[in-house]
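Visitor: Here is what each chain is made of, one letter per residue.
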Amino acid sequence: MRAWVTRDPIDAGALLGAVGAPADGAALLFVGTVRDHNDGRPVVGVRYEAYVEMAERVLGQIAAEAAARLGTDRLVVVHRIGELAVGEASVAIAVSSPHRAEAFDACRFVIEEIKRRVPIWKEEHYAGDEAPRWLAGAIPPIPEARP
Amino acid sequence: MRAWVTRDPIDAGALLGAVGAPADGAALLFVGTVRDHNDGRPVVGVRYEAYVEMAERVLGQIAAEAAARLGTDRLVVVHRIGELAVGEASVAIAVSSPHRAEAFDACRFVIEEIKRRVPIWKEEHYAGDEAPRWLAGAIPPIPEARP
Amino acid sequence: MRIRLLFFALYRDLAGVPEMELETRPGATAATIVEELRRAGGGLARLPETPAVAVNREYAPLSTVLRDGDELAFLPPVAGG
Amino acid sequence: MRIRLLFFALYRDLAGVPEMELETRPGATAATIVEELRRAGGGLARLPETPAVAVNREYAPLSTVLRDGDELAFLPPVAGG
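Residue numbers (my numbering), protein chains in the order written: chain B, 155 to 301; chain Z, 155 to 301; chain E, 920 to 1000; chain F, 920 to 1000.
Just chain B, same shape as in the assembly:
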């Protein structure tokens, strides 16, 4: 199990090599990429910013929760930050497990939880003079006050 943030391009194929075992019958690799449009508006690139130390901590928590659902610790997740061009991978998740249902469930869980609670922000860049814009995000779940 490994969860990290990087400024370097993601080698998604290599991630698949980091999971898998003789006991496993299913491996799944999810890759999130930068789209050339959003909300009907053309996008020329994006910039991701992170609270890196906390983002890696939360990614690690998500990975541990996902591993419990997966039934194995064969799960790696990486999120890229910095300037990304259209088509580049911003996030990749690889998992493997004896059965496919758990692999699909755990992989989907990781990407949904990343969007819900990892302290990473995305600024979209547009063609021409239009100013970059921070994307409207999700309000992360905040724990209750301890009594």
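There's no promise every hint is true.
Said to hold, decoys possible - Short, incomplete list of chain F residues facing chain B, as computed with Cβ under 10 Å:
hint, residue
1, F927
2, R931
3, G935
4, A947
5, V972
6, A979
7, T983
8, P995
9, V997
To be verified - Counterexamples of contact, computed for chain Z against chain B with all Cβ distances above 12 Å:
hint, residue
10, W158
11, V188
12, N192
13, A222
14, D227
15, C261
16, K269
17, A285
18, A292
19, I293
20, P297
21, E298
What the hints contain is simulated information worked out from the structure, not anything from laboratory work. Only a predicted model underlies this, so the values are computations on that prediction, with no experimental measurement involved. Here a beta-carbon is modelled for each residue, glycine too, at the ideal position from N, C-alpha and C.
Chains Z, E and F: place on chain B using the hints.
Guide: Same frame as chain B, now just chains Z, E and F:
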């Protein structure tokens, strides 16, 4: 979109390169591999047999149905037949689409339908003198008689 | 008329051969052929009464009327993936 | 006591700086700091009344009582993935 049966090892990473587009935000690669056990019994290898001409036809039908769910034609699926060792890939599915929900749905649909209706059979091989055994499979859906 | 029969996996083991040609009467259905094979004895006596079949590479009901030159395949429960 | 403040993304744009040190009274909560920043004017007057915050790299309620040396981060709605 492409769907085929092969006797050669599957290069799963290369499949991911066959999908993806600037409009896409999500790519998903599923790899089914030979497990070292089944039903609590150690497995040393398997042999897949297919009614090849029909299997490719049914795989193509499944791919077309999945593409409709996916909203793109960026979907490839390959099933290997012949003798496979533990850990080798028997099936790989790559899809990409603007949004992740459709990618997960279409990828899952393809593997479930393969198991339900592609004319392929699996013989498990065991250690020692134990005879190989055809796996109990799924009864494919048969169309109603035309009146 | 002549029908080409194909047997796969477990059904091939029962038949002892992967394929055979069969001369049958016009109007015969897939069900007719299943009955003939089961009655002929040998391994195929253990063919189920209602196996899945494909006619010309497409799943078909056993009531399908066959034509000269058709390819009739006997398909055990499938186990790909 | 001294608190280290971190601002990210939109909130960094409001603050004009990614971080600052703040001297505050013992017993202050995260909510106290939010109030002080909003009252001080400038871009941070537009900080929401109840922003998400993390204390020492963990999400925390605004009622969290701060200690000397704590790292208090202001986190706009997140948009990773």
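Visitor: For every hint, state whether the structure bears it out.
Guide: Do the hints match the structure? See the list:
1. F927: holds, 6 Å
2. R931: holds, 8 Å
3. G935: For F/G935, the interface hint is violated, since the closest Cβ of chain B sits about 15 Å away, which is over 10 Å.
4. A947: It is violated, given that the least Cβ distance between F/A947 and chain B is near 15 Å, above 10 Å.
5. V972: Hint on F/V972: holds, closest Cβ of chain B at ~8 Å, below 10 Å.
6. A979: holds, 7 Å
7. T983: Cβ of F/T983 sits 7 Å from chain B, so the hint holds.
8. P995: OK, holds: F/P995 within 10 Å of chain B, min 6 Å.
9. V997: holds, 5 Å
10. W158: The claim stands: Z/W158 keeps its Cβ more than 12 Å from every Cβ of chain B (closest is about 20 Å).
11. V188: violated, 8 Å
12. N192: violated, 9 Å
13. A222: With a cut-off of 12 Å, Z/A222 remains clear of chain B, as the shortest Cβ separation is near 20 Å.
14. D227: Label holds. Min Cβ-Cβ 17 Å, cutoff 12 Å.
15. C261: Z/C261 not clear of chain B: closest Cβ-Cβ about 8 Å, inside 12 Å.
16. K269: violated, 9 Å
17. A285: Per Cβ check, Z/A285 is outside 12 Å of chain B; nearest 22 Å; holds.
18. A292: Holds, because the least Cβ-Cβ distance between Z/A292 and chain B comes to about 15 Å, which exceeds 12 Å.
19. I293: Given that every Cβ of chain B is farther than 12 Å from that of Z/I293, nearest at about 20 Å, it holds.
20. P297: The claim holds: Z/P297 sits with its nearest Cβ about 27 Å from chain B, beyond 12 Å.
21. E298: holds, 30 Å
Hint compliance for this structure: hints 3, 4, 11, 12, 15 and 16 are not met, and every other hint is.
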